[in-house]
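Participant: Take a look at the letters that make up each chain.
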Amino acid sequence: MNLLKIAFLATVIGILILAILSQNLEPKSISISKIDLKMLDNYVKISASIKEVIKTDSITILTIKDLADNSEITAIMDKGDVLKGENVEIIGRVIEYNESLEIEIEKLKII
Amino acid sequence: MILSILIALSFGILAGILTGLAPGIHINLVALFLFIISTTLLKFTTPIILVVFIIAMTITHTFFDFLPSIFLGAPDESTALSVLPGHSMLLEGKGYEAIRITTFGSLIGVFLILAISPFFVLVLPWFYDITKKIMFFILIGASAFLILNEEKGKKFGAFLIFMLAGIIGIFSLNFYVVKQALFPMLTGLFGASMLVGSINKKVNLPKQSLTFEKIEKKEIVKATFSSIIAAPLCSFLPGIGAAQAAVIGSQFYKIKQKTFLLMLGIIGTLVAGLNFVALYAIGKPRSGVSVIVGKLLEINLSQLILLLIIMLVSGVIATFLVLRISKKFIFFIEKINYPKLCFWILVLLCFLTIAISGGFGLLILATATSLGILTNQMGIKKMHLMGCLLLPIILFYI
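Residue numbers (my numbering), protein chains in the order written: chain P, 16 to 126; chain X, 3 to 400.
Incorrect hints may have been included.
Unchecked claim - DSS-like cross-link-like pairs, simulated, lysine-lysine; straight-line CA separation at most 27 Å:
hint: 1; chain 1: P; residue 1: K20; chain 2: X; residue 2: K157
hint: 2; chain 1: P; residue 1: K70; chain 2: X; residue 2: K286
hint: 3; chain 1: P; residue 1: K53; chain 2: X; residue 2: K181
hint: 4; chain 1: X; residue 1: K297; chain 2: P; residue 2: K49
hint: 5; chain 1: X; residue 1: K181; chain 2: P; residue 2: K80
hint: 6; chain 1: X; residue 1: K181; chain 2: P; residue 2: K122
hint: 7; chain 1: P; residue 1: K20; chain 2: X; residue 2: K154
hint: 8; chain 1: X; residue 1: K297; chain 2: P; residue 2: K70
hint: 9; chain 1: X; residue 1: K286; chain 2: P; residue 2: K94
hint: 10; chain 1: X; residue 1: K181; chain 2: P; residue 2: K49
hint: 11; chain 1: P; residue 1: K53; chain 2: X; residue 2: K286
hint: 12; chain 1: X; residue 1: K181; chain 2: P; residue 2: K43
hint: 13; chain 1: X; residue 1: K383; chain 2: P; residue 2: K20
hint: 14; chain 1: P; residue 1: K80; chain 2: P; residue 2: K94
hint: 15; chain 1: X; residue 1: K286; chain 2: P; residue 2: K122
hint: 16; chain 1: P; residue 1: K122; chain 2: P; residue 2: K94
hint: 17; chain 1: P; residue 1: K60; chain 2: X; residue 2: K297
hint: 18; chain 1: P; residue 1: K20; chain 2: X; residue 2: K156
hint: 19; chain 1: P; residue 1: K70; chain 2: X; residue 2: K135
hint: 20; chain 1: P; residue 1: K94; chain 2: X; residue 2: K134
hint: 21; chain 1: X; residue 1: K260; chain 2: X; residue 2: K330
As the list claims (entries may be wrong) - Incomplete in silico selection of chain P near chain X, CB under 7 Å:
hint: 22; residue: L19
hint: 23; residue: A22
hint: 24; residue: A25
hint: 25; residue: T26
hint: 26; residue: G29
hint: 27; residue: L33
hint: 28; residue: A34
hint: 29; residue: S37
hint: 30; residue: L40
hint: 31; residue: P42
hint: 32; residue: L52
Honestly, the hints are just simulated from the structure, not real lab data.
As the structure is a computational prediction, the values presented were derived from the model and not from experiment.
Glycine included, C-beta positions come from ideal geometry on N, C-alpha and C.
Bound conformation, chain P alone:
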């Protein structure tokens, strides 16, 4: 088999494995109180309840409360239908806004 065929096969197989793993592997669950500046730009998974929902024209801003220790953080998402009091599982990126840490939501599942 020549290098071209090997490279093509390796690319296709690599993409398939990447597709499977990237859809199934999630970041470790973490408590909101453990999120600090060192985690900036990293992805985290949080289980929380929604304490407050503010909807603007372009985004929805949530205040979420950790289910285990009641610590709180602000999380932002594109427009979404979530309600105050719902329990959710969130995967998101730690960002910094106005000198405080927030979560930019990538995936949200109501639990």
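Start from chain P and add chain X according to the hints.
Facilitator: For chain X alone, coordinates are given in the frame of chain P:
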């Protein structure tokens, strides 16, 4: 104050040399680290001093990052396309000349930042508002333009490579357990694939010459003009970096390989500088380091002028330094067994991938390297591999 600025400038230049020379240590990482420790640092200094450090580091980095990309095949997103023309000059024994050209280009870039900035500040807010609404079409248009620009009989191949790179980009950038997925992805697509090629072909570098030909004035004018058109456009278009800007800019004229390298030098530095000016003009960061600058400081006009002076001073100092250091680099590279060096760099890149991105980063590195090798084997231009950034961004705008 002046002493603090000079100290920040000196350390910024040193940091830029380090980030430029060491494959894997990116300015974004250093800026992020600086931001993390900024609470402590700001007890002793002011935000503008930290920003001076970041600006000096960024500009110096744009001069030095051509050294690993040309000599070692370890590029970042702004120098990815320099691997091709730069490496072919290296194989002709003209590595030093390639570095001189990119350095000269970067120096022109620094002066262009000063010349363009006033106009840029005035026009950008208006232009940004218009383009924001049609960004999707601009990015599709730019991608189609690059694919259709491929030579006859290779257009479908270019499309295939663009799409495969895009798919790798989509899965890699959404692979939540991998940190800094860009590192293994770009290293695999542009650097590691070339290193594997050099090991496979047992490439031995010819003796490197320290002589160089002067670039014709006509070519300098062409490169400068094309860069002035392409770079400001690309400094605020997401996913279109210095490398793609050079390809788009090179369409205005039929240009030679050396002129392309000159353009890469100009655009790399020009885009890096204009990103900070854009932060002042529209308040939106367009690069990793400008995100950190935006968090540290809300730039006003007098601070912008100071930062432009810092860019100029760092650029002039970096010019002298890069020419001196590249001679030593050549002396070192001539003495060693090149395929062996490529092998050990490949090993180093694997370790860096694990350190920066974690074990799963190796999967991205391997897949991206395979696609890079496939692109080489098909004789398709490597610029289409930039689909790894463009396709995810296009999908974001749908």
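Participant: Next, verify each hint and record whether it holds.
Facilitator: Checked hints:
1. K20(P) to K157(X): 19 Å, holds
2. K70(P) to K286(X): 22 Å, holds
3. K53(P) to K181(X): 13 Å, holds
4. K297(X) to K49(P): Measuring from Cα to Cα gives roughly 22 Å; hence the hint holds.
5. K181(X) to K80(P): 26 Å, holds
6. K181(X) to K122(P): Given pair K181(X), K122(P) holds - Cα atoms ~17 Å apart, limit 27 Å.
7. K20(P) to K154(X): The hint holds at about 22 Å.
8. K297(X) to K70(P): Cα-Cα ~25 Å, so holds.
9. K286(X) to K94(P): It holds: about 21 Å lies between the C-alpha atoms, which stays within 27 Å.
10. K181(X) to K49(P): Holds. K181(X) to K49(P) sits at ~18 Å (cutoff 27 Å).
11. K53(P) to K286(X): 23 Å, holds
12. K181(X) to K43(P): Holds: K181(X) and K43(P) sit about 13 Å apart, inside 27 Å.
13. K383(X) to K20(P): 18 Å, holds
14. K80(P) to K94(P): 20 Å, holds
15. K286(X) to K122(P): It holds: about 25 Å lies between the C-alpha atoms, which stays within 27 Å.
16. K122(P) to K94(P): Measuring from Cα to Cα gives roughly 12 Å; hence the hint holds.
17. K60(P) to K297(X): 25 Å, holds
18. K20(P) to K156(X): 17 Å, holds
19. K70(P) to K135(X): Between K70(P) and K135(X) the Cα gap is close to 22 Å, so the pair holds against 27 Å.
20. K94(P) to K134(X): Holds, at about 19 Å.
21. K260(X) to K330(X): Holds. K260(X) to K330(X) sits at ~22 Å (cutoff 27 Å).
22. L19: 4 Å, holds
23. A22: 4 Å, holds
24. A25: Holds, because the Cβ-Cβ distance from A25(P) to chain X comes to roughly 4 Å (cut-off 7 Å).
25. T26: Hint on T26(P): holds, closest Cβ of chain X at ~4 Å, below 7 Å.
26. G29: 3 Å, holds
27. L33: 4 Å, holds
28. A34: 5 Å, holds
29. S37: 4 Å, holds
30. L40: This interface hint holds because 5 Å falls under the 7 Å limit.
31. P42: 5 Å, holds
32. L52: This interface hint holds because 5 Å falls under the 7 Å limit.
Going down the numbered hints, you'll see the structure goes against none, and every one checks out.
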